[in-house]
Amino acid sequence: MSETTIAPTPVELEVGYAGKSIPRKEDGRLVQGQGVFADDVKRHGMGYVHFVRAPYGHARIVSLDVSKAEALEGVYGTLTPDEVAELTDPFFELTTPPGSQIKDYALAVGRVRHIGEPVVAVVAASREVARDAADLVEVEYEPLDVLVDARRAQDEGAPILHDDAGTNVVWSGTFDWGDVDGALKAADRVVKIKELHFDRFSSTPLECSAALVEYDRGTGQFTLHCNHQMPGVAAIWMGPALRVPLDKLRFITQDIGGGFGNKITTHTYLTACCLLARKLRRPIQWTEWRTDQHTANAHGNERWFHDIEVAVQNDGTMLGFKVTALDDCGAFPRYEPLGCIIWAQVTPGLYRWRNIRVDFTQVVTNKSPVAPNRGYSRMQQLWLTERICDIVAHELGLDPVEVRKRNYIRTDEMPYETPNGCVYDSGDYARCLDLALELIDYESARAQQAASNGKLIGIGIGSTLDSGTNNFGQSTLLNPELQFSGNNEVATIKLDIFGEIVLTLGTVPQGQGHETVASQVAADILGVSPDQIHVRPGHDSYWNSHAGFSGTYASQFAVTGLEAVKGATEKLSLEIRRLAGGVLGGADPDDVVLEGGFAKRADNPEAALPFMACGAIVNANNAVLPPELRDITLNCRHVYVPPFTMPDFDRKFGNLTLTYATQIHACVVEIDPETGHVDILDYAAVDDCGIRIHPQIVEGQVHGATAHAIGAALHETFAYDEYGQLLTSNFYDYHVPHALDLPEIKTGHIESPSPFSSLGTKGMGEGGGAAIHAICAAIQDALRRAGKPAIVNDSFNPPERVWRMIQTPEETAALVEVTQQ
Amino acid sequence: MSDHTIGVSVNGERYEREVEGRKLLVHFLRDDLDLTGTHVGCDTGNCGACTVLLDGRAVKSCMLLAVQADGADLTTVEGLAPDGELNTLQRAFSEHHGLQCGYCTPGMLLSATYLLAQNPKPTEEEIRRGIQGNICRCTGYVNIVRAITAASGQ
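Chains V and G, in that order, give the protein sequences.
First residue of the first sequence? That's 1 in this note's numbering, and the numbers climb one at a time after it.
First residue of the second sequence? That's 1 in this note's numbering, and the numbers climb one at a time after it.
These are calculated hints, taken from the structure and not from any lab test.
C-beta: ideal position from N, C-alpha, C; glycine also.
Estimated spans, in silico, between C-beta atoms of each pair:
| id | chain 1 | residue 1 | chain 2 | residue 2 | range |
| --- | --- | --- | --- | --- | --- |
| 1 | V | Gly787 | G | Gln132 | 35 to 43 Å |
| 2 | V | Pro97 | G | Asp34 | 46 to 54 Å |
| 3 | G | Asp34 | V | Glu413 | 56 to 64 Å |
| 4 | G | Glu125 | V | Ala186 | 53 to 61 Å |
| 5 | V | Glu142 | G | Gln118 | 53 to 61 Å |
| 6 | G | Asp34 | V | Gly74 | 15 to 23 Å |
| 7 | V | Glu500 | G | Glu16 | 38 to 46 Å |
| 8 | G | Gln118 | V | Tyr732 | 21 to 29 Å |
| 9 | G | Ser9 | V | Leu625 | 56 to 64 Å |
Per the computed footprint, the stretches of chain V lying under chain G, defined by three or more beta-carbons under 8 Å from a beta-carbon of chain G, are:
| id | segment |
| --- | --- |
| 10 | 511 to 522 |
| 11 | 726 to 736 |
Pulled out of the complex, with its shape left as it was, chain V reads as follows (with noise of 0.2 Å):
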């Protein structure tokens, strides 16, 4: 066991707002229009930036000309490939050589690489004008040979998409964990899949990416108000290639209209933005068009399996698996590769097999880069094992429902340490699936199958974790010159003059209502509504109050955000106490108590002394304090550091994540055979995050990642043709689900406190593609249920698809192999 398996000391928080769904703090502007997006923001003189962007998928720039461009009334400049060239340099890659020889820019310097890359930035009086200058930028191409299916990416011959790294391949790694030959040998039966595809979406923020930027020549510094999620990342990124240092980048959000991930790697744009700002002398505003972020900002990875190899008992019970995964990560591997580690926090599922190989490689391709979309990496683990669970299941002829709960870690295992390392802090998956199926009345939905007539129906289950708070030492296990490792976040809450209590955090929400969350944890220390703590909204990274890995990102506000603000509230707590048992008299900290608004003798409460009194003491009139008080600022930041330690690199074993949320899924599905459209008939989604701050945020995220996942199952794909391009560039093409598109998700939770956290919280939030999982499930169902002994090999199924495996099940069941030991 890890040691990070001590837990603080529990803390009873002590007026009980942490637990009540109030009312949000964010809702009153949102509802109102008053909401401040990026796009938002305006200055005056700003010049607006339209990108010319490549038509090819591959091609070599061969000529560039923008005077033209540059002539056209209303315009006030470009920026090309080779001013970006000169005046940056490549932004740093996390890989290892030859991968980490990648040249990533601003703009495609040589050569683009992928549909909708940025090559030229126009700028005009108005979005219109810069769209019409961009029309006269002249580009010449050589069109290249074109990559776009991961699987040829290492064949001899095939194109290479970064001459400087010689090769298509970004990481590549063994992950050996238990003995997996020796489970092959010793199962009564090995299972074999030849090939699985996890597909190509993203979660498609509403709001587009977008940044408003200034540039002061004064004192060379730039400020973003942007939408970006992770500023603190940003900055590493953009500091070095700007060749300036990171606080003269001043990164400020306040609304942002959802992240999921896909505003962690805009910091291409926001560059070209800040040497337009520098080098045109005015505020540059920048906002993306749909087609732009669908072509060229973030995807989702897609991911293949190959050779999968399960070890499994008759019962039902399953000893290990090997795989060979290869990672599609698109043209620039920016975030990656940690993909390529990020799924080992849940390497084994919610199952107790010992033996895992995992043989992982990650290539570049001709498609847009991708970035960390909800439940990244671990969302496309989550899939393999459950998929893995339900092929087994229908090939060994017995219930999914069984073998899972057969193979399901048990609540009496945790804390679990699985085969690499990570520790699984609580849970009790066998209740939460019991809980899933008395939802949808798992009884009568058999029976509805049994007497369906033809009728195609099927049940099925996704059982996901949401792995929270990164270890981000779990980078060294990919590159052990990175220097990263742990994770931290900061918040800092003062009492100022005339009492008012101001809280100020380092998260980057985008609607998972932090102002609120924060505001129930300090009021409740101390004794106030929430009501009186004035959170501020969003982010600026000159508030001092961020640090490193500071961003809202892979569930873990509830554990790093609220650890911090816990923190910084307890000692402005004690600083009140202090202050106050000295100006009534002396009395200790221990014996003064917060109630109210008011500082209190807990032997006499008439001696009391206001917040007010106790904000003005301190900031205005500190000459009545005695020497031994004058320390107090009332103004306190707190730094919540995680209690990581480095993982092995030679065993690529340790913890990763600090928190593990379940949420496990049941629906069942109607398929109309002559279409192969699936319906849901009935859907439900039961969560447990540990404790939970606001129960109604909570449900809001698990309805949000339901959707998502329900989307990705069935509507929404990033199809490319074989020249590259995105046949899916915009919302008539990528379908996300609409009202009309989505069941009534019902919901139910249990609550199994985290050991490791001192509120007992979880991260929450991106639901492990749960939905996902449960489709195909249930879709394989009704297939065989139907005497279809096709496997569900794609987690994308449009009717097409489903059509097919209907007509022709054999082509996928050719997928899979049985043999008897």
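Following the hints, put chain G in place on chain V, whose structure we already have.
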């Protein structure tokens, strides 16, 4: 580019402006009138974030040119609670957690306003049909449907 003078009434206030013929109504509202509550979420008319009422009817303001609104009476999200007191629908969205990031919310509120004006007691199916033209990527629509149901007094 041809410029045109148009006159519109927005949330009860009268505006007269010179606009380019090709300017979209949504950009006119956001850029020229600084009414930034109306949002842009796509460039194909699918997402509905830009929904406003034009002479009482819900329209997608990215699918109209500003000049087409000449003489019209428009309502945007800023006009729903002119005195700062949230209306029934706005309160219901907050109470039922019918919004997360809030980006689709203005358009969703206007579509729901139009729906309830046409059909004061809609069924769940009718609500879902009524907001079909508005994409929300955060809520899965569950709580939006709940909020509109509650606002209709059901």
